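Q: From just these sequences and the hints, can you work out the full model?
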Amino acid sequence: MENNITHKKNAAKNVLDYTWRILLFFLIFIPAVFIQNKQLNIIRKKPRIYRQSLYLPSGKNIRLISIGYDRFMADFIWLRAIQAFGGHWESDRNYQSIYHLFDVITDLDPGFIEAYTFGNLVMGDEGGHQRLGLELINKGIIKNPTNYLLPYWGGYAAFWQMDDPVLAKYYYTRALKARDVPNFVSRILTYMELKSGRYQVAFEKYLRDWLEGIDNQDDIVIGIASERILDVIDEWQRYIITQAAKKYVVETGKNPSDIADLAKAGVIEPYTMIDTQILLAKIRQYSAQPGKMMNHYQEILDACIRENATSLPKHPRGLWYFFNPSLNPENTGYVVDMVRYLESMQNLLSAVRKRIWTFYKEKGRHPYDLSEIYKDSFKIPEPFGGKWIYSPYDGAFYSSVMPAY
Amino acid sequence: MPIPIVQTRNLTKIYVRDVIGTEFGRLKIRLKNRKVAALKSLDLDVNEGEIFGLLGPNGAGKTTAIKVLMGLIFATEGTATLMGKPLGDKSVKASIGFLPENPYFYDYLKGYEFLNYYGQLYGMSAAARRKKIPELLELVGLSHAEDLPLKGYSKGMLQRAGLAQALLNDPKIVFLDEPQSGLDPFGRKEIRDLILSLKEKGATVFFSSHILADAEVICDRVAILSKGRLMNVGAMDEILSARIKAYEIEAMNLSEDMVSELEKMSERFIRRTKTVLFVVEKEEIALAIVKKIIASPGHLVSYTPRRETLEEFFIRNIEPQNV
Amino acid sequence: MSKIWAIAFNTFKEAVRNRILYILLVFALLIMASSGIVGELTISARERIITDLGITSINFFGLLIAIFVGIGLVYNELDKKTIYTIVTKPIDRHQFLIGKYLGLLLTIYINILIMVFFFLAVIYYQGYMDFDVMSKALWVEQANGEWASPTVISYFMYYAKAIVFSLAKAFGTLTLLYHSPLTQGILLVVFYGCLELAIITGFAILYSSFSTPTLSAMLTVLTFIIGRLNADIIVFADRMKEKGFETSTQKMKYIFAWVAAHVTPNLWLFNRRTSLAVDNVEIRLEAYPVLYGILYSAAILYLAVHIFRKRNFK
Chain A
1 MENNITHKKN AAKNVLDYTW RILLFFLIFI PAVFIQNKQL NIIRKKPRIY
51 RQSLYLPSGK NIRLISIGYD RFMADFIWLR AIQAFGGHWE SDRNYQSIYH
101 LFDVITDLDP GFIEAYTFGN LVMGDEGGHQ RLGLELINKG IIKNPTNYLL
151 PYWGGYAAFW QMDDPVLAKY YYTRALKARD VPNFVSRILT YMELKSGRYQ
201 VAFEKYLRDW LEGIDNQDDI VIGIASERIL DVIDEWQRYI ITQAAKKYVV
251 ETGKNPSDIA DLAKAGVIEP YTMIDTQILL AKIRQYSAQP GKMMNHYQEI
301 LDACIRENAT SLPKHPRGLW YFFNPSLNPE NTGYVVDMVR YLESMQNLLS
351 AVRKRIWTFY KEKGRHPYDL SEIYKDSFKI PEPFGGKWIY SPYDGAFYSS
401 VMPAY
Chain B
1 MPIPIVQTRN LTKIYVRDVI GTEFGRLKIR LKNRKVAALK SLDLDVNEGE
51 IFGLLGPNGA GKTTAIKVLM GLIFATEGTA TLMGKPLGDK SVKASIGFLP
101 ENPYFYDYLK GYEFLNYYGQ LYGMSAAARR KKIPELLELV GLSHAEDLPL
151 KGYSKGMLQR AGLAQALLND PKIVFLDEPQ SGLDPFGRKE IRDLILSLKE
201 KGATVFFSSH ILADAEVICD RVAILSKGRL MNVGAMDEIL SARIKAYEIE
251 AMNLSEDMVS ELEKMSERFI RRTKTVLFVV EKEEIALAIV KKIIASPGHL
301 VSYTPRRETL EEFFIRNIEP QNV
Chain C
1 MSKIWAIAFN TFKEAVRNRI LYILLVFALL IMASSGIVGE LTISARERII
51 TDLGITSINF FGLLIAIFVG IGLVYNELDK KTIYTIVTKP IDRHQFLIGK
101 YLGLLLTIYI NILIMVFFFL AVIYYQGYMD FDVMSKALWV EQANGEWASP
151 TVISYFMYYA KAIVFSLAKA FGTLTLLYHS PLTQGILLVV FYGCLELAII
201 TGFAILYSSF STPTLSAMLT VLTFIIGRLN ADIIVFADRM KEKGFETSTQ
251 KMKYIFAWVA AHVTPNLWLF NRRTSLAVDN VEIRLEAYPV LYGILYSAAI
301 LYLAVHIFRK RNFK
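Protein chains in written order, with this note's numbering: chain A, 1 to 405; chain B, 1 to 323; chain C, 1 to 314.
Calculated directly from the structure, the hints in this document are not laboratory data. All values derive from a computational prediction rather than experimental measurement. Please note: incorrect hints may appear among the correct ones.
Unchecked claim - For the chain C half of the interface with chain A, some residues (derived, Cβ under 7 Å), not all of them:
(1) G39
(2) T42
(3) I49
(4) S135
(5) I225
Claimed, not checked - Derived DSS-like pairs (lysine-lysine); straight-line CA-CA distance at most 30 Å:
(6) C:K80 <-> B:K40
(7) C:K81 <-> B:K227
(8) B:K85 <-> C:K241
(9) C:K81 <-> B:K132
(10) B:K110 <-> C:K3
(11) B:K227 <-> C:K243
(12) B:K85 <-> C:K253
(13) B:K155 <-> B:K132
(14) A:K60 <-> C:K253
(15) C:K80 <-> B:K155
(16) B:K151 <-> C:K314
(17) C:K80 <-> B:K227
(18) B:K32 <-> C:K314
(19) B:K132 <-> C:K80
(20) B:K28 <-> C:K80
(21) B:K90 <-> C:K80
(22) C:K80 <-> B:K151
(23) B:K199 <-> C:K81
(24) B:K172 <-> C:K243
(25) C:K3 <-> B:K85
(26) B:K40 <-> C:K310
(27) C:K3 <-> B:K131
(28) A:K143 <-> C:K241
(29) B:K40 <-> C:K81
(30) C:K310 <-> B:K32
(31) A:K60 <-> C:K241
(32) C:K81 <-> B:K35
(33) C:K314 <-> B:K40
(34) B:K151 <-> C:K81
(35) B:K132 <-> C:K253
(36) B:K131 <-> C:K13
(37) C:K251 <-> B:K189
(38) C:K314 <-> B:K172
(39) C:K3 <-> B:K155
(40) C:K310 <-> B:K35
All residues carry an ideal CB built from backbone N, CA and C; glycine is no exception.
A: Below you can see the structure in the form of structure tokens.
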């Protein structure tokens, strides 16, 4: 009995001993936690700018440091680059500073294709530093000559971001020399030919693609080639009309009001005309026996091409050409047809509407007047002779003549 | 004359200490006097089948001599042969067993595994190992610890395990370096018996020790080293003088007067709880004391003429070494 | 040479009891297991990151095991004097050293085997966790054209199946029974890495036979670094030579660089990791690296044996 009591007393004494030690511990620890919390809050509130990415040494030096574990180091820096990209995407959208990261990554592992393509995309797409992006691509092409993706993306950047079809042509030609090239690349090249003004080359290539497509019964190819070939004819003819119109202005000093004026004035230079009707007829004729279309290639070519024509070109899709009265001549061209015209008006409408919507998100209300969004008043005139209508209550913007668009 | 089974001629080992080294835990830079002679011109012959003791104070070079013979260190000068062949011969090594001082083995091996591994190193076949190892474990008294890792062995058990591995291949020569260090009296007796039994089987035993009493009892011949040099070599009888050094007379139940009288006659006197001991140098005085004790009502316990012990010889002849 | 094998096996038993071994192994496996999470940080290069992480772990931890276990190998024998009763047995000193080397190599290779098995399983598992694959397996189209949403049990079964199948596939790949394009080059890359490790282990044994563990560790790491940067050193030396020597220190630097580059092993030879890129060179088993690896290791071991033979065991 006695032993029990003393044992319990001892146990109680031990617990008491420990409690004050525990209390002391927490007394010291909890203020430390508070201070830590304060520090963390300060860090949390800071804007996350990834500037430390700039201070990476050159690729050669990093390779030395990574003693043979090059790929691993490249992956590690790749992760940092992704984070840096995210940081800049959220803040200033200027990616020039992380170019160096991609440079280092590709120095460490020249076979890291995604580094080149992603770097190029990041540089060019939003940042406006397409030249930098293309430098990456060029570096990649030198190191990986048999990879088609690199020149493919280079061509993409060249045409769709820099609007330079000649440069894009160079890249796509390069891409065709690589292994495992998918066959749509050659069609993109043909499109570049079209865009850089080599209409006849583009026409012949598309014709060849179309015939081969019928031979192989490849519907996708047929669809693309048949559409594109008409685009070629369209662009070609518009170019001719534009040249003629310029000559008209030089000769008569006035702007031509109608396409027919050009024919009357005789300013149309001799050109190579493609007779679309004959072309389509011939193809329809021979496509009854698929499998031998390529044999008729030369025949079809001879049949529809007419050299030194001087008559007005006819629209391949059966529409009418007319001069672009107002909408953005630089974008849609001096000479347009109805489809194009409506398309460009739709583009214009959606651009303006997007601006109104951005204004609404930022300010919480619709602008009272278009001059709030555009510094000078909205200059582009309504194309169909009506007026632009803008309602500040619901932010609606449309044309009075064609309100449905 | 048969060739001695172990023979050294002019065996010398000189250590050269580093220029920058430690001494007694302190950094010391030595530019002169760097050479230390551990063995100086050692000439030894050990005959087959005998028990040979290599004796000497600490630091005399006993362990060095054994290490040179075993091939652990290389002599600076001189030659040595084992079983007529030069050192390092593998066939000779197969017939040699070696137990170093304070042996250390692989902790993680169990007793049986340990002997099995060493058996493999000897080149014993699996069957031979299976047969021999239990015998040896029985012999050294470690059968109960067969499955225990060596980590759990006491010092005495380790020593016995070491002995077992030395005897694995039925060696013709067994080298033991301080085999009795750290053993209790039971252990020491077992070692003595073991060495004697080895001699009976025809093996040669070469061991070094500084426990002179045991060496005195079992060795056929001894060599005494001091400061690396061979001081004496030969059979016990040859080294120790045959001269009787003293007579020890032990008696009891003597009267006090008798005791004081006899004490005056003797060189030394020791009183014990029940007996008294008189040490006398001259024989006549000794015999006189004995007669007196017999005549008295006291009781003569023992009368021992004693020759010089090895220990006394040592202390008389060998200088202590500062090691 | 059954004696060499006996020593090797004993060394293996000794190494396996070294706690550092398990720490390193567990660490490596943890890294591989979490590589899936790391892969979430990026979208496009995901498989690449997982593969690279795994292969680098295997190579790096193999190296660490070689160093940490190897540096004490010979030194401990001498320090603890366990060698006394070994060398006095009828074995040559070179048999002892070679046995130690092979035992260490065995330890390392078995650990690498475990790591590779786990790594292959992780890769296959990631393949099963791929969103498309998983959706295809879980969402079943019913007869009336609608999709039945998967139940908890089917999720559970899928995960269990993924784990079991990836382990089985990993085992199959290791035994060369199962072939998958995902893991095609990995075994060869690891094999080349193993050759590199054989050389470094040789160095570890060499240094361990004459210096303390700390010094051995530093020397082995130094050898490894110089060996990996061989190409850069020799290029640097050549460039210095072209520029001409103005001061004698420059000439000394050149000589030092030249010697270092030629004496240390050319470890870049064994780096086949860059060839794992998808559209480039295929990895093949070439004879030259194998021969180089074997010969160089043998040379280093020969040097170690020579040093060891003359050693006095105080």
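Q: Is the straight-line distance between the alpha-carbon of K131 of chain B and that of K13 of chain C 30 Å or less?
A: Status holds; Cα separation ~24 Å.
Q: Measure nothing beyond the straight line between the CA atoms of K85 of chain B and K241 of chain C; if it is 30 Å or shorter, mark the hint as holding.
A: Answer violated: K85 of chain B to K241 of chain C is near 57 Å, above 30 Å.
Q: If you draw a straight line from the CA of K60 of chain A to the CA of K253 of chain C, is it 30 Å or shorter?
A: holds (20 Å)
Q: Can you confirm whether the C-alpha distance between K80 of chain C and K155 of chain B stays at or below 30 Å?
A: Answer holds: K80 of chain C to K155 of chain B is near 15 Å, not above 30 Å.
Q: Answer holds if the nearest beta-carbon of chain A is closer than 7 Å to that of S135 of chain C; otherwise answer violated.
A: violated (24 Å)
Q: Does the alpha-carbon distance linking K32 of chain B and K314 of chain C stay inside the 30 Å limit?
A: holds (22 Å)
Q: With 7 Å as the cut and Cβ atoms as the points, is I225 of chain C at the interface with chain A?
A: Holds, about 5 Å.
Q: Between K143 of chain A and K241 of chain C, is the straight-line Cα distance small enough, at 30 Å or below?
A: At roughly 28 Å apart (the allowed maximum being 30 Å), K241 of chain C and K143 of chain A satisfy the hint.
Q: Does K3 of chain C lie within 30 Å of K110 of chain B when you go C-alpha to C-alpha?
A: holds (19 Å)
Q: Check whether the Cα positions of K151 of chain B and K314 of chain C lie no farther apart than 30 Å.
A: Given that 30 Å is the threshold and the Cα spacing comes to 24 Å, the pair holds.
Q: Is the hinted pair K3 of chain C and K155 of chain B satisfied, with a Cα-Cα distance of at most 30 Å?
A: Within the cut-off at roughly 29 Å; holds.
Q: Can you confirm whether the C-alpha distance between K227 of chain B and K243 of chain C stays at or below 30 Å?
A: violated (64 Å)
The structure fails to meet hints 1, 4, 8, 11, 12, 24, 35 and 37 from the earlier list, while all remaining hints are met.
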